[in-house]
Amino acid sequence: MSVRLARLLNLVPYLVARPEGVPIRELADDFGVTVAQIRADLTLLWMCGLPGYGPGDLIDIAFDADTVRVNFAAGMDRPVRLAGHEALALSVALRVLGDTPGVGDRGAIASALDKLGAAAGAEAAEVPVRDTVAESDVERYAALVESGNAARITYYSASRDTTSERIVDPIEVVAADGHAYLRAWCRTANEVRQFRLDRIDACTVIDEPAAPPASAARPAGRAAGPGEPAPTAFLASELPLIELRLGPAGKGITDSYPCEEIIGEADGYRRIKMRARDLEWARRFVLGLGGEAQVIAPAELRDEVRSAAQAALDRYADPPPETGHRHPAAPSGADR
Amino acid sequence: MNLVLCLLSSRRFQTASKIARTVPGYEHDPEDKRAHEAFQRKFERDKAELRRIGVPLQSGVDPYFDTEPGYRIARSDFELPQIEFTDAEAAAVAAAARLWHQPELQSGTAQALRKLRAAGIDVESHAAAFPVKALPGTEAALSPLLEAIASRRAVAFDYLGARDETAQRRRLQPWGCAAWRGRWYVAGYDLDRAAQRVFRLTRIPGKVRLVGPEDAYTIPEGVDVLAFASEAEAHQTPSRAKVLVRPRAAWGVRRRADQIGPRRSDGDEVCFTYTDTPFTASWLASFGADVLVLEPPELVKETIACLQNLAEDRR
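These protein sequence lines map, in sequence, to chains F and X. Numbered by numbering that gives the first Met the number 0, the letters in the first sequence go through residues 0 to 335 in order. Numbered by numbering that gives the first Met the number 0, the letters in the second sequence go through residues 0 to 314 in order.
Some hints could be false.
[Stated by the list, open to error] Using C-beta positions, here's what the derived DEER-type ranges look like: (1) ASN70/F - GLU26/X: 23 to 29 angstroms; (2) ARG3/F - GLN101/X: 22 to 28 angstroms; (3) GLU230/X - ALA296/F: 40 to 46 angstroms; (4) ASP76/F - ARG50/X: 19 to 25 angstroms; (5) GLU30/X - LYS114/F: 49 to 55 angstroms; (6) ARG51/X - THR66/F: 31 to 37 angstroms; (7) LYS114/F - PRO29/X: 44 to 50 angstroms.
Source of the hints: derived by calculation from the structure; they are not laboratory data. The C-beta atom is built at its ideal place from N, Cα and C for all residues, glycine as well.
Bound-form chain X, shown alone (with noise of 0.2 angstroms):
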């Protein structure tokens, strides 16, 4: 705290050796060796702190009175600046804060509130019942992504991608995120690739880790990753599927076909189209016998494979 005050106070940089002569906290006999390393590691602890809170230190060496660097916040930079919102726009603050469950989140919205109540604004007071309430999609992934692309550090996680049986160790330099039909997607340089990739967030099934150093790489010019999301999932061309429904059963196939019949003695053939066919395969497979697939072949063949899993014993 009295680091910061210090810090404002001055246009100056201050160099560590003055901050530790004059701030509250920081003395100590800088001849003594351990004392002096123990200064520097609490100093760099606190700078990081401080960092992270959202104030910018700058460093820099002022060239009339000194040789070491030194560091200063600029007020500028430091303050909030005198922002206003109208009743409507502070009911959207408000409702937008209370959307996240992942912690990171949900704290980085918190501290925000904190920092404009600091400021004589109140959000939650204009705080509105909206008739529609928004829930982002799986979102676990998205705070460490959103922290190595802030920093620009590689990220690494494991991927189950649409023809996977397992999951794969990934390597990524990622550019981007966005949401894009209730799904969120990053995209970035795939190291091991060597290309350019869009991952979908609920296929990462355990933890994003951020690895290497900060401004590792730089993140091209005009990236769009909804462009490259909407890309990706549109090269999945629908087919038609045709399947025979045990008469008064399955509804929900039923209800999904643009075509039943002809009629059969052993049910109705009905006819949709699907894009994704693992997903649509395990969906046929749970009407059981009520359902049987009859074409494309792929859809047959994958529809057999769930129903195998589910029929094998395993214990």
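The following block holds chain F by itself, in its conformation from the complex (with noise of 0.2 angstroms):
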């Protein structure tokens, strides 16, 4: 209910501030509702009006040749003020932008909190935003991007601890949980993916244009998790499915990485089904948890993962041979 007496509130401003009227499908589309809802809210606003509710006291709207214009107002002739929660949301996102790096122009970005402060009715709560990224070489990419070139970067992969060198078409910079990365089509790849900018060891713009296939310049919904490529969606079925029991702490990882089902247990505990690239990436992954992850399927990841600790834990157990020609001022006794 609450959204529709929103919008019939917003209606007739909205009629007033167009007087040369708005077809009905237009008016339809920009209030994201249908055309028979919209009938229907005009034959409301209709029926409303000043007290006394005689002929003069009601607002009048006129339908002619599918054109809406409206002819008396009965005082509405602004839309509402700001409410409090709306104005929050909206100035803080604008902060967030005002603050990361390459991010349009800052002055219209303050010029526009001003202005948005003084349309809410309320005194707006104040939540400062500051460093939204580590990076500090944003603007350089952000110029990439505008260049329209392809560039050549040397990229350290944490999801496979390789570096290698690839040819990449840049579709834009992504700011996300503290980070920014470069979103572009991977030649070698053949696929999109995004770069952290901490990791690209490299740059260089070659003299070439940068063309992603249009299928990958969508600009994405929600940044992969760190450093990793969302899977694409046809490809995703094809993935290994990996399911995990995520501990309370584990929460970050549905946040961000992309999940086919999360069914919560006891205590905070969760079930999770991923898709992984490819095992190799998967244990990794799971390693890297700090055990906050527990492996239910598949049983060789399962196993390859307790493997690979129980590995790392012998060679606590048992001190490296001291072959090589130690330093006399080294500490050894934290080796066992």
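Dock chain one against chain two, each of which comes alone in its own frame, and use the hints as you go.
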């Protein structure tokens, strides 16, 4: 109901602001509802008006040849002020933008914030934002995207623990979760990847236009996991499915990685199913979770994780043989 | 709707009984107890709904005419002021409106844009593709916290501190939120610890519940949540780690190193600085047997603990 009332309160001033009239189809589209709903709304508004409710007191809306215009607004000339939570959601988002390097025109963001502050009713709470990303070279990669050129990058992949060189077609820079990423079509992998800027060891612009496939240029809805590509939809079903049991501290995982299924269990534990790029990726991924995740399936992954951890533990149990020269000052007690 | 128009049309306070007599939809026989109670419930509900949409209802008593309290809407508080955006400002607002993923914050921005559009400002037509797109960090807890701060209500949530094994229930009078280095923080007065505390929103694994009455506390003057957040994080002084890395392995550790060597037959000694021990330990554990942590002892202990967790058969 409150959605409809909010819409009704917007409808009259919307029409007042457009005295030339608005086609009903356009009106419905602009309010994100069906034409039938808009007709029902207009009919209801017809019965609203000033106390007395005589012919001259009611809101008068005229339809002619499918165009809607308002003749008498009964004092509803302007929309309602922004409610506190509305102004806040918008102004916090503007602050995030304003503090992210490379995003738009800072002056415009600051003045838009001031104007919104004036448009809000009650005094909006202050939500300060500082240092949205750790990387300092965001502007450089934003310029690369703007230049429209392809680039050769040397990239360290944390999930593979290797550094490799590849040619990429930049699409955009995305700032998420404290880091900035270059989203680009990777010609080596033949898919869209996200490269965390602080893991790009070298970047050379090449004299060739960036030409990501049309399907890839679509902006990402949500950042994929740190440094990892979002599996393209048509491929996703072919990637190995892994099932994990996450402890209460594993919350960030379901936020950062697309999960196919999340089932809550007692005491904040959750069972999730997600697609892994391959089992080698999955092994490093689970090992990096510090025991916060337990592998349920596949059994092969569970065994690999366990034996990798055991092999590492064995090294702590048997200190390495002292073959090389040790620096005399180097304490060796920590080996044990 | 008629209620809004009725209250807007008069500068005088309108009493509930007068509203019931004049506004369609509220008609009833005030002598009929049940009908009158139904009216009162409906009237209360409608008032709450109007406040939620942003309609400022004033209540008061008109001393010349009435004895019971009445309501009115002051036009100057009700109407969206005249507002104009330059193209660049409109583009910024449009981009900001697309930032959120969390449903409450999303609908807040969507409602705000609809009001602007009703005033003839279509920011979306100015939407420009920015070369950099910002996505704020985990935000599920943000919306209830902002709501609590706005109404000065206390909150309760489970919190997994850096040193906690399991999440602890915390009760807080929140003062403010801030984002720092890509993370959201809330600061306030911790009711159980009876002290001022700052919390990282990513460490709230469950829901934030609003508890207790509105206006339960006042927010101290000049609270600087950013300063609290950076101070809390700065308590972690950097430490030096020394690890032994197998030949031609663990490139991630080598990349981070500020000192590699001396070289031993079983690998290279690598040193780097770090602040967050649990985080660094689980990162080092991810390299498996390619990395042996040598120093400091607490990092060795924590890494072994991670590996033991991973090696354990918990079926």
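Hint by hint, here is what the structure shows:
no. : hint                                    : result
1   : ASN70/F - GLU26/X: 23 to 29 angstroms   : holds (27 angstroms)
2   : ARG3/F - GLN101/X: 22 to 28 angstroms   : holds (23 angstroms)
3   : GLU230/X - ALA296/F: 40 to 46 angstroms : holds (44 angstroms)
4   : ASP76/F - ARG50/X: 19 to 25 angstroms   : holds (21 angstroms)
5   : GLU30/X - LYS114/F: 49 to 55 angstroms  : holds (52 angstroms)
6   : ARG51/X - THR66/F: 31 to 37 angstroms   : holds (33 angstroms)
7   : LYS114/F - PRO29/X: 44 to 50 angstroms  : holds (46 angstroms)
Going down the numbered hints, you'll see the structure goes against none, and every one checks out.
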